Amino acid sequence: MKRPSLIVTGAGGFVAGSVIREALLDWNVHAVSRGSAIAEDPHLHWHSMDIEDQSELKKLFETSQPTAIIHTAAMAGIDECEAQKDLAYQVNVAYTQRLAELAQKYSARFVFVSTDNVFDGETGPYSEDSKTAPVNYYGETKVLAEGVSLRTCANAVAARVCLVMGFPIIGGGNSFLMRMLPALESGEPLGVPDNEIRSPIDVVTLGRALLELAGHSQTGVLHLSGNERINRLDLVQRIASKLGFPDAKIQPFNPENLPGRADRPEELVLKNTLARHVLKTPMQDVDGALDIMLLDRPT
111 MKRPSLIVTG
121 AGGFVAGSVI
131 REALLDWNVH
141 AVSRGSAIAE
151 DPHLHWHSMD
161 IEDQSELKKL
171 FETSQPTAII
181 HTAAMAGIDE
191 CEAQKDLAYQ
201 VNVAYTQRLA
211 ELAQKYSARF
221 VFVSTDNVFD
231 GETGPYSEDS
241 KTAPVNYYGE
251 TKVLAEGVSL
261 RTCANAVAAR
271 VCLVMGFPII
281 GGGNSFLMRM
291 LPALESGEPL
301 GVPDNEIRSP
311 IDVVTLGRAL
321 LELAGHSQTG
331 VLHLSGNERI
341 NRLDLVQRIA
351 SKLGFPDAKI
361 QPFNPENLPG
371 RADRPEELVL
381 KNTLARHVLK
391 TPMQDVDGAL
401 DIMLLDRPT
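If you're matching positions, the sequence shown starts at 111 in the working numbering and goes up one per residue.
Misleading hints may appear alongside valid ones.
As the list claims (entries may be wrong) - Straight-line alpha carbon distances no greater than 25 Å define the calculated SDA-like cross-link-like pairs of lysine to any residue that follow:
| id | residue 1 | residue 2 |
| --- | --- | --- |
| 1 | K215 | L254 |
| 2 | K241 | N341 |
| 3 | K195 | R208 |
| 4 | K169 | K195 |
| 5 | K390 | L273 |
| 6 | K169 | G187 |
Stated by the list, open to error - Across the chosen pairs, the derived CB separations fall in these ranges:
| id | residue 1 | residue 2 | range |
| --- | --- | --- | --- |
| 7 | K359 | E211 | 48 to 56 Å |
| 8 | R348 | S146 | 50 to 58 Å |
| 9 | D357 | Q194 | 35 to 43 Å |
For the record, the hints were derived by calculation from the structure and aren't laboratory data.
Just so it is clear, the structure is predicted and the values come from calculations on it, not from any experiment.
Here a beta-carbon is modelled for each residue, glycine too, at the ideal position from N, C-alpha and C.
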(Lines of atoms letter the chains of each structure in order from A; the text may use other names.)
(Lines give C-alpha, C1' and ligand atoms only; values in the text may rest on other atoms or scores of the structure.)
Protein backbone atom coordinates (compact mmCIF):
# COMPACT_ATOMS: atom_id res chain seq x y z
CA MET A 111 0.00 0.00 0.00
CA LYS A 112 1.36 3.37 -1.04
CA ARG A 113 2.15 5.73 1.81
CA PRO A 114 0.73 9.27 1.80
CA SER A 115 3.21 12.10 1.37
CA LEU A 116 3.88 14.63 4.14
CA ILE A 117 5.93 17.84 3.98
CA VAL A 118 7.35 19.03 7.31
CA THR A 119 8.99 22.47 7.38
CA GLY A 120 11.50 23.51 10.01
CA ALA A 121 12.71 19.92 10.04
CA GLY A 122 15.79 20.65 12.13
CA GLY A 123 13.68 22.08 14.92
CA PHE A 124 12.39 20.82 18.24
CA VAL A 125 8.72 20.28 17.37
CA ALA A 126 9.38 18.99 13.86
CA GLY A 127 11.68 16.28 15.19
CA SER A 128 8.82 14.80 17.18
CA VAL A 129 6.46 15.02 14.20
CA ILE A 130 8.95 13.31 11.90
CA ARG A 131 9.60 10.40 14.25
CA GLU A 132 5.87 9.70 14.53
CA ALA A 133 5.24 10.23 10.82
CA LEU A 134 7.88 7.76 9.65
CA LEU A 135 5.67 4.92 10.87
CA ASP A 136 3.05 5.55 8.17
CA TRP A 137 4.05 8.42 5.86
CA ASN A 138 6.63 9.28 3.24
CA VAL A 139 8.15 12.32 4.90
CA HIS A 140 9.67 15.23 2.98
CA ALA A 141 11.66 17.17 5.58
CA VAL A 142 12.48 20.78 4.69
CA SER A 143 15.33 22.53 6.48
CA ARG A 144 18.07 25.02 5.79
CA GLY A 145 20.54 22.58 7.31
CA SER A 146 21.82 19.27 6.02
CA ALA A 147 20.15 15.96 6.78
CA ILE A 148 20.30 14.94 10.44
CA ALA A 149 18.46 11.62 10.19
CA GLU A 150 18.18 8.70 7.79
CA ASP A 151 15.25 6.43 7.02
CA PRO A 152 13.95 4.75 3.85
CA HIS A 153 10.81 6.85 4.12
CA LEU A 154 12.57 10.14 4.92
CA HIS A 155 13.51 12.51 2.09
CA TRP A 156 15.57 15.47 3.24
CA HIS A 157 15.42 18.75 1.32
CA SER A 158 18.10 21.28 2.29
CA MET A 159 16.56 24.50 1.05
CA ASP A 160 15.12 27.85 2.06
CA ILE A 161 11.34 27.94 1.94
CA GLU A 162 11.60 31.49 0.60
CA ASP A 163 13.02 30.03 -2.63
CA GLN A 164 9.76 29.93 -4.58
CA SER A 165 11.07 27.89 -7.50
CA GLU A 166 12.49 25.20 -5.19
CA LEU A 167 9.30 25.20 -3.17
CA LYS A 168 7.15 24.68 -6.26
CA LYS A 169 9.46 21.88 -7.40
CA LEU A 170 9.12 20.22 -4.00
CA PHE A 171 5.33 20.19 -4.27
CA GLU A 172 5.46 18.91 -7.85
CA THR A 173 7.72 15.99 -6.97
CA SER A 174 6.26 15.06 -3.58
CA GLN A 175 2.55 15.55 -4.38
CA PRO A 176 1.80 16.07 -0.69
CA THR A 177 -1.29 14.84 1.08
CA ALA A 178 -0.49 17.20 3.95
CA ILE A 179 1.92 19.91 5.09
CA ILE A 180 2.85 20.55 8.72
CA HIS A 181 4.39 24.01 8.85
CA THR A 182 6.55 24.33 11.97
CA ALA A 183 9.23 26.64 10.52
CA ALA A 184 9.16 30.10 12.06
CA MET A 185 11.20 32.96 13.39
CA ALA A 186 10.25 32.13 16.96
CA GLY A 187 12.61 34.25 19.06
CA ILE A 188 10.33 36.83 20.66
CA ASP A 189 13.11 39.38 21.19
CA GLU A 190 14.57 38.68 17.75
CA CYS A 191 11.19 39.32 16.11
CA GLU A 192 10.86 42.62 17.97
CA ALA A 193 14.30 43.74 16.78
CA GLN A 194 13.91 42.56 13.15
CA LYS A 195 10.27 43.13 12.28
CA ASP A 196 10.65 43.09 8.50
CA LEU A 197 12.40 39.73 8.58
CA ALA A 198 9.89 38.37 11.10
CA TYR A 199 7.04 39.35 8.80
CA GLN A 200 8.65 37.69 5.79
CA VAL A 201 9.40 34.44 7.61
CA ASN A 202 6.26 34.13 9.72
CA VAL A 203 3.61 35.64 7.45
CA ALA A 204 4.73 35.88 3.81
CA TYR A 205 6.28 32.40 3.65
CA THR A 206 3.26 30.92 5.40
CA GLN A 207 1.00 32.43 2.78
CA ARG A 208 3.07 30.90 -0.04
CA LEU A 209 2.87 27.47 1.55
CA ALA A 210 -0.88 27.82 2.08
CA GLU A 211 -1.32 28.81 -1.57
CA LEU A 212 0.56 25.71 -2.70
CA ALA A 213 -1.41 23.53 -0.30
CA GLN A 214 -4.62 24.87 -1.82
CA LYS A 215 -3.32 24.34 -5.36
CA TYR A 216 -2.44 20.70 -4.64
CA SER A 217 -5.61 20.06 -2.58
CA ALA A 218 -3.43 19.25 0.42
CA ARG A 219 -4.12 19.49 4.12
CA PHE A 220 -2.33 22.47 5.76
CA VAL A 221 -1.45 22.34 9.46
CA PHE A 222 -0.04 25.66 10.64
CA VAL A 223 1.71 25.72 14.02
CA SER A 224 0.81 28.89 15.92
CA THR A 225 1.36 30.07 19.48
CA ASP A 226 -0.27 31.09 22.74
CA ASN A 227 1.43 34.48 22.28
CA VAL A 228 -1.53 35.61 20.18
CA PHE A 229 -3.09 36.56 23.55
CA ASP A 230 -2.22 39.27 26.09
CA GLY A 231 -2.51 37.14 29.22
CA GLU A 232 -5.13 39.37 30.81
CA THR A 233 -8.37 37.41 30.36
CA GLY A 234 -7.49 33.71 30.21
CA PRO A 235 -7.85 30.83 30.20
CA TYR A 236 -8.40 31.14 26.46
CA SER A 237 -10.62 29.16 24.13
CA GLU A 238 -10.35 29.05 20.35
CA ASP A 239 -12.85 31.89 19.92
CA SER A 240 -11.24 34.23 22.47
CA LYS A 241 -10.22 37.60 21.06
CA THR A 242 -6.55 37.78 20.07
CA ALA A 243 -4.49 40.64 21.51
CA PRO A 244 -0.74 40.04 21.18
CA VAL A 245 1.66 42.16 23.23
CA ASN A 246 4.76 41.44 21.11
CA TYR A 247 5.51 41.41 17.39
CA TYR A 248 6.05 37.65 17.31
CA GLY A 249 2.45 37.22 18.44
CA GLU A 250 1.29 39.77 15.87
CA THR A 251 2.92 37.84 13.03
CA LYS A 252 1.30 34.62 14.20
CA VAL A 253 -2.15 36.23 14.26
CA LEU A 254 -1.58 37.40 10.69
CA ALA A 255 -0.26 33.99 9.64
CA GLU A 256 -3.27 32.23 11.13
CA GLY A 257 -5.48 34.51 9.08
CA VAL A 258 -3.71 33.94 5.76
CA SER A 259 -3.58 30.18 6.38
CA LEU A 260 -7.28 29.84 7.03
CA ARG A 261 -8.34 32.25 4.27
CA THR A 262 -6.01 30.80 1.63
CA CYS A 263 -6.36 27.05 2.13
CA ALA A 264 -9.81 25.53 2.49
CA ASN A 265 -8.45 22.50 4.35
CA ALA A 266 -6.34 24.28 6.95
CA VAL A 267 -6.06 24.24 10.72
CA ALA A 268 -4.10 26.65 12.91
CA ALA A 269 -2.82 24.77 15.96
CA ARG A 270 -2.02 27.14 18.81
CA VAL A 271 0.65 25.64 21.01
CA CYS A 272 1.53 26.48 24.60
CA LEU A 273 4.93 26.10 26.30
CA VAL A 274 6.56 22.95 24.87
CA MET A 275 8.76 20.83 27.11
CA GLY A 276 10.92 17.81 26.47
CA PHE A 277 14.18 16.62 24.97
CA PRO A 278 15.05 17.00 21.27
CA ILE A 279 14.22 13.85 19.32
CA ILE A 280 15.67 14.57 15.89
CA GLY A 281 17.98 17.57 15.70
CA GLY A 282 17.89 20.32 18.29
CA GLY A 283 15.84 23.47 18.32
CA ASN A 284 14.30 25.51 21.09
CA SER A 285 14.19 23.11 24.07
CA PHE A 286 14.29 25.04 27.34
CA LEU A 287 14.92 21.74 29.13
CA MET A 288 18.17 21.15 27.25
CA ARG A 289 19.25 24.71 28.04
CA MET A 290 18.75 24.22 31.77
CA LEU A 291 20.09 20.65 32.03
CA PRO A 292 23.79 21.65 32.43
CA ALA A 293 22.93 23.78 35.48
CA LEU A 294 20.91 20.96 37.01
CA GLU A 295 23.74 18.48 36.47
CA SER A 296 26.46 20.79 37.80
CA GLY A 297 24.50 22.13 40.76
CA GLU A 298 24.89 25.72 39.60
CA PRO A 299 22.12 28.22 40.42
CA LEU A 300 19.36 28.33 37.83
CA GLY A 301 17.17 31.42 37.52
CA VAL A 302 13.60 30.81 36.34
CA PRO A 303 10.79 33.37 35.91
CA ASP A 304 8.28 33.10 38.75
CA ASN A 305 5.68 35.38 37.16
CA GLU A 306 4.83 33.27 34.09
CA ILE A 307 1.92 30.84 34.19
CA ARG A 308 1.42 28.38 31.35
CA SER A 309 -0.40 25.16 30.37
CA PRO A 310 2.62 23.21 29.05
CA ILE A 311 2.52 20.32 26.61
CA ASP A 312 5.26 17.74 26.08
CA VAL A 313 6.83 17.59 22.63
CA VAL A 314 5.90 13.93 22.07
CA THR A 315 2.19 14.51 22.67
CA LEU A 316 2.40 17.63 20.50
CA GLY A 317 4.04 15.73 17.65
CA ARG A 318 1.36 13.05 17.79
CA ALA A 319 -1.43 15.62 17.85
CA LEU A 320 -0.03 17.57 14.90
CA LEU A 321 0.37 14.39 12.89
CA GLU A 322 -3.18 13.35 13.74
CA LEU A 323 -4.35 16.75 12.51
CA ALA A 324 -2.55 16.10 9.20
CA GLY A 325 -5.05 13.33 8.54
CA HIS A 326 -8.02 15.00 10.21
CA SER A 327 -10.90 17.08 8.87
CA GLN A 328 -10.90 19.66 11.69
CA THR A 329 -10.45 23.18 10.31
CA GLY A 330 -10.13 26.60 11.91
CA VAL A 331 -8.25 27.16 15.16
CA LEU A 332 -7.40 24.42 17.67
CA HIS A 333 -5.59 24.70 20.99
CA LEU A 334 -2.95 22.09 21.83
CA SER A 335 -1.91 22.40 25.46
CA GLY A 336 -1.59 20.43 28.65
CA ASN A 337 -4.42 19.89 31.10
CA GLU A 338 -2.72 21.74 33.94
CA ARG A 339 -2.12 25.40 34.75
CA ILE A 340 1.28 25.88 36.39
CA ASN A 341 3.78 28.58 37.31
CA ARG A 342 6.96 28.21 35.28
CA LEU A 343 9.13 28.15 38.42
CA ASP A 344 7.03 25.36 39.92
CA LEU A 345 7.21 23.48 36.62
CA VAL A 346 11.00 23.58 36.55
CA GLN A 347 11.16 22.41 40.17
CA ARG A 348 8.95 19.44 39.30
CA ILE A 349 11.06 18.67 36.24
CA ALA A 350 14.26 18.81 38.30
CA SER A 351 12.81 16.42 40.87
CA LYS A 352 11.63 14.04 38.14
CA LEU A 353 15.11 14.06 36.57
CA GLY A 354 16.72 13.18 39.89
CA PHE A 355 17.85 16.63 41.01
CA PRO A 356 15.64 17.32 44.06
CA ASP A 357 18.24 19.67 45.58
CA ALA A 358 18.75 21.76 42.44
CA LYS A 359 19.43 25.45 43.12
CA ILE A 360 16.39 26.83 41.31
CA GLN A 361 15.81 30.48 42.08
CA PRO A 362 13.10 33.00 41.18
CA PHE A 363 14.23 35.35 38.46
CA ASN A 364 12.55 38.44 37.03
CA PRO A 365 13.77 38.96 33.44
CA GLU A 366 11.62 42.01 32.71
CA ASN A 367 14.46 44.51 33.01
CA LEU A 368 16.84 42.69 30.69
CA PRO A 369 17.94 44.96 27.80
CA GLY A 370 16.19 44.31 24.50
CA ARG A 371 13.55 42.09 26.05
CA ALA A 372 10.14 42.28 24.38
CA ASP A 373 6.94 42.17 26.40
CA ARG A 374 5.62 38.75 27.39
CA PRO A 375 2.21 37.93 28.81
CA GLU A 376 2.30 36.68 32.39
CA GLU A 377 -0.52 34.15 32.20
CA LEU A 378 -1.06 32.18 29.01
CA VAL A 379 -3.33 29.23 29.68
CA LEU A 380 -5.08 27.59 26.73
CA LYS A 381 -8.27 25.58 27.11
CA ASN A 382 -7.88 22.25 25.31
CA THR A 383 -11.52 21.14 25.56
CA LEU A 384 -11.97 21.06 21.79
CA ALA A 385 -8.75 19.10 21.21
CA ARG A 386 -9.78 16.52 23.79
CA HIS A 387 -13.11 16.19 21.99
CA VAL A 388 -11.95 15.90 18.37
CA LEU A 389 -8.55 14.17 18.71
CA LYS A 390 -7.66 10.66 19.79
CA THR A 391 -4.28 11.84 21.06
CA PRO A 392 -4.71 12.33 24.83
CA MET A 393 -3.68 15.67 26.30
CA GLN A 394 -1.61 15.24 29.48
CA ASP A 395 -1.34 16.73 32.93
CA VAL A 396 2.17 17.72 34.04
CA ASP A 397 3.06 14.38 35.65
CA GLY A 398 1.91 12.42 32.61
CA ALA A 399 3.85 14.73 30.31
CA LEU A 400 7.00 14.35 32.42
CA ASP A 401 6.74 10.56 32.29
CA ILE A 402 6.50 10.69 28.49
CA MET A 403 9.33 13.21 28.28
CA LEU A 404 11.71 11.04 30.32
CA LEU A 405 11.59 8.28 27.71
CA ASP A 406 13.72 10.50 25.43
CA ARG A 407 16.21 11.65 28.05
CA PRO A 408 19.73 11.64 26.58
CA THR A 409 21.98 8.94 28.00
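For each hint, the structure was consulted:
At roughly 21 Å between alpha-carbon atoms, K215 and L254 fall within 25 Å of each other, so this suggested pair holds. Using a Cα cut-off of 25 Å, the hinted pair K241 and N341 holds, with the two alpha carbons roughly 23 Å apart. For the suggested pair K195 and R208, the alpha carbons sit about 19 Å apart, so the restraint of at most 25 Å is met. Between K169 and K195 the CA atoms are separated by roughly 29 Å; this puts the pair beyond 25 Å, and the hint is violated.
Among the hinted pairs, K390 with L273 is consistent with the structure: their alpha-carbon atoms are about 21 Å apart, no more than 25 Å. Distance restraint check for K169 and G187: the Cα-Cα separation of roughly 29 Å exceeds the 25 Å cut-off, and the hinted pair is therefore not satisfied. Against the hinted window of 48 to 56 Å, the Cβ-Cβ separation of K359 and E211 comes to about 51 Å, which satisfies the hint. Checked against the given bound of 50 to 58 Å, the beta carbons of R348 and S146, roughly 37 Å apart, lie outside it.
In this structure, D357 and Q194 meet the distance hint of 35 to 43 Å, their C-beta atoms being roughly 41 Å apart.
This entry does not satisfy hints 4, 6, 8, going by the numbered hints stated previously.
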